[in-house]
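Starting from the known structure of chain L, fit chain C onto it as the hints suggest.
2 protein chains.
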Amino acid sequence: MKKISLFAAAIAVMASFVACNQQDKKQQEQRLTPEVMARLFPRPVVSPDYNADGSVTFRYKSESAQTVLLDCQMFSDKKEMTKDTNNVWSVTVKPEVPDIYPYCFIVDGIQVTDPSNMFIFPNEGFKNSLCDVRGEVPSMQDLQDVPHGKVSYRYYHSNGLGFDRPMCVYTPAGYNPSADKKYPVLYLIHGMTDTYETWFKVGRMNNIMDNLIAKGLAKPMIVVMPYANPNPEMEQRHIEHDFNIMGTDVFVKEMLNEVIPFVEANYKVKTDADSRAIAGFSLGGRQTLATGFGNPDKFHYVAAFAPAIFGNEFETNFQNGTYAPISDLQKKLKFFFLGTGSEDFLIQASRDFNKYLTDKKLKHTFYNPGGGHTWMNCRDYLELTAKELFK
Amino acid sequence: MKKISLFAAAIAVMASFVACNQQDKKQQEQRLTPEVMARLFPRPVVSPDYNADGSVTFRYKSESAQTVLLDCQMFSDKKEMTKDTNNVWSVTVKPEVPDIYPYCFIVDGIQVTDPSNMFIFPNEGFKNSLCDVRGEVPSMQDLQDVPHGKVSYRYYHSNGLGFDRPMCVYTPAGYNPSADKKYPVLYLIHGMTDTYETWFKVGRMNNIMDNLIAKGLAKPMIVVMPYANPNPEMEQRHIEHDFNIMGTDVFVKEMLNEVIPFVEANYKVKTDADSRAIAGFSLGGRQTLATGFGNPDKFHYVAAFAPAIFGNEFETNFQNGTYAPISDLQKKLKFFFLGTGSEDFLIQASRDFNKYLTDKKLKHTFYNPGGGHTWMNCRDYLELTAKELFK
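Line by line, the protein sequences give chains L and C.
For the first sequence, position 200 (counting from the first letter as 1) is numbered 200 according to my numbering, and the numbering increases by one without interruption.
For the second sequence, position 310 (counting from the first letter as 1) is numbered 310 according to my numbering, and the numbering increases by one without interruption.
Because the hints were derived from the structure by calculation, they are not lab data.
A portion of the hints provided could be inaccurate.
One copy or any two copies: either way a pair holds, since identical chains are not told apart in the list.
What the hints assert, rightly or not - Computed list of lysine-lysine pairs in DSS-like fashion (alpha-carbon distance at most 25 Å, straight line):
1. Lys215 <-> Lys79
2. Lys181 <-> Lys215
3. Lys334 <-> Lys391
4. Lys298 <-> Lys363
Just chain L, same shape as in the assembly (with noise of 0.2 Å):
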């Protein structure tokens, strides 16, 4: 554990008050100092550690926890934490690959996010840490001494939805809104489950562009990250909806009708097919394809990562007009790009879509490392997808 200094202990306290009923504290507190502070309250744990060896220390603090577990997608299993003495339960690993992990503690069966750990993976159905293991090299996805763009949180009107919504936009270093520069823009769209943030604070998109852009691997783009999912807000507002997740047609109007024009109303961007990409992950990548495929028009680039498309599928959306004629694509598309790791569950539809692209002669990049249905692959593909937009 890092030095840290006798007041620092005062952080728990804090926490403390805030997060629970302070009503019976409140005698305590006539003359409270922070040495009064420090001794009333445990030193707090410092977790993720990361040491200097490149492992990383776990812990979490419990007296009445019979077993701790770490559940890491750094390993395919999970690992005993042991107690120590001042009710402390840790375990130290080391990654094969540097890299940014989600994790839970499992507590008595429970899973449990690390309270100690700021960074949490954004989603609707399951929560999250995040741990960022740093390597020799720094990667892609670290943030380095380059210039950086920026991510704004904004909401834009929904005339369909009929309320606000929320987006995250990247715009690269040097955007600049009043000057005549005009830039190409990707959609990113997220996985089911996930929402508009989690290609920036999992995905780490902003890293990845700032330090390809700097290095010159990848043209200044502006990326732009609706929320693909209003059931949320629609439950939120009493809206009756029956807005079924797994289908395609909301998604696409609310991009077509709501996004896109919305993004060209208030950046600076170029607004011909050629300048316009669509990516996206899992339920991502099924939306992503219906927008993109079906509408060569529009997009000119596409990237599907680990699509959520079910046996032969793809073959009645080019039936069924949800995707444009092959043909079309043929002549209009510029790349597409499909990446599915070898272990992820949905490997064998993206085989078999990229068998039927190859026999229809659609030129295209089917990417198969290893890896499964995961944001670690995630990242990788969006950087060699990133690398060859626009180009």
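Just chain C now, kept in the frame of chain L:
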């Protein structure tokens, strides 16, 4: 529970695949269809579920749990949840006042964030979810149909600390970095164990500012939210440090030498003290006082929300030069707001401070509503403060 389409059940599927190890599942997936997925996996729970009558239903799915409690800042006590035949634990509650309340579940004694809720309280030391109960009449913190500013995540280089650091910056609707118009700036500081995201994600400062500005109740301004605690970044970089989190020296230096110059170089802002404000909560209130009261030539507007000052150390701070002489403040400060709730554990120090400043005839506002050391109170303090700035 709201109407959820059959396919939405598939949400849980991908979440499970992404969240946990997928090795065993490959063979089932050869010809996976949405229908198969819906059958294989349980329907996800909706939580929190905002009912039309203003009540909220919280749900947590667990087969093995013995007791599940709701620990929500809506109430001072914990609420028991009961299990239905589908192993979904739930409780329905109604707050006296619609507001945004932090909460967690206590599952067999273990604090757990709500897996179904994407809104998380950004913090270094604990993890709470956020429940956003809206009233009949929208409040200042609600998303309303007004022009929206945006919150940008960006990095600045700290020469003093030697690495790039994150900050959030709110720019109001209509802000144009290339136009002639210049804006005043509010520096807004989080509490102990909070992060640079907390004023945005929990404080909803963007909605408060959007609404106040749209109604003509606050001047358009830029709001800068730096990260007050560099310890986690230094630890990850293996930089030796003994930064005392209760000390204010490092913070004041970082503000004056790094944050303000970066903002003034990168935004259209006014640079006179009449156009510069600083406000902060808890430890951020302590840091605000050191920065603002210490530099009345630079800040003419200062606001401390439940500041972490102990005993009568404000007297010491005037004596030892941490704060400028009170005669200086009397001459230069245009506004000082001290806000602390009656049930706040820091109220006594605020009362003493208020009395001291009244005796010394320093013009100020002491706001002492009900409520404790909470972000419900914080949003109230910010709203009152923002209305008075730069007028």
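message: Within a copy, between copies, both or neither: which one fits lysine 298 and lysine 363 at a CA-CA cutoff of 25 Å?
response: within (18 Å within a copy, 61 Å between copies)
- prompt: Is the C-alpha distance from lysine 334 to lysine 391 at most 25 Å within one copy, between copies, in both cases, or in neither?
  reply: Answer is within; shortest intra-copy Cα gap is 9 Å, inter-copy 56 Å.
- request: Go through the copies and call it for lysine 181 and lysine 215: within, between, both or neither, with a Cα cutoff of 25 Å.
  value: within (20 Å within a copy, 35 Å between copies)
message: At most 25 Å between alpha carbons: which applies to lysine 215 and lysine 79, within, between, both or neither?
response: neither (39 Å within a copy, 55 Å between copies)
Consistency with the previously given hints fails for number 1 only.
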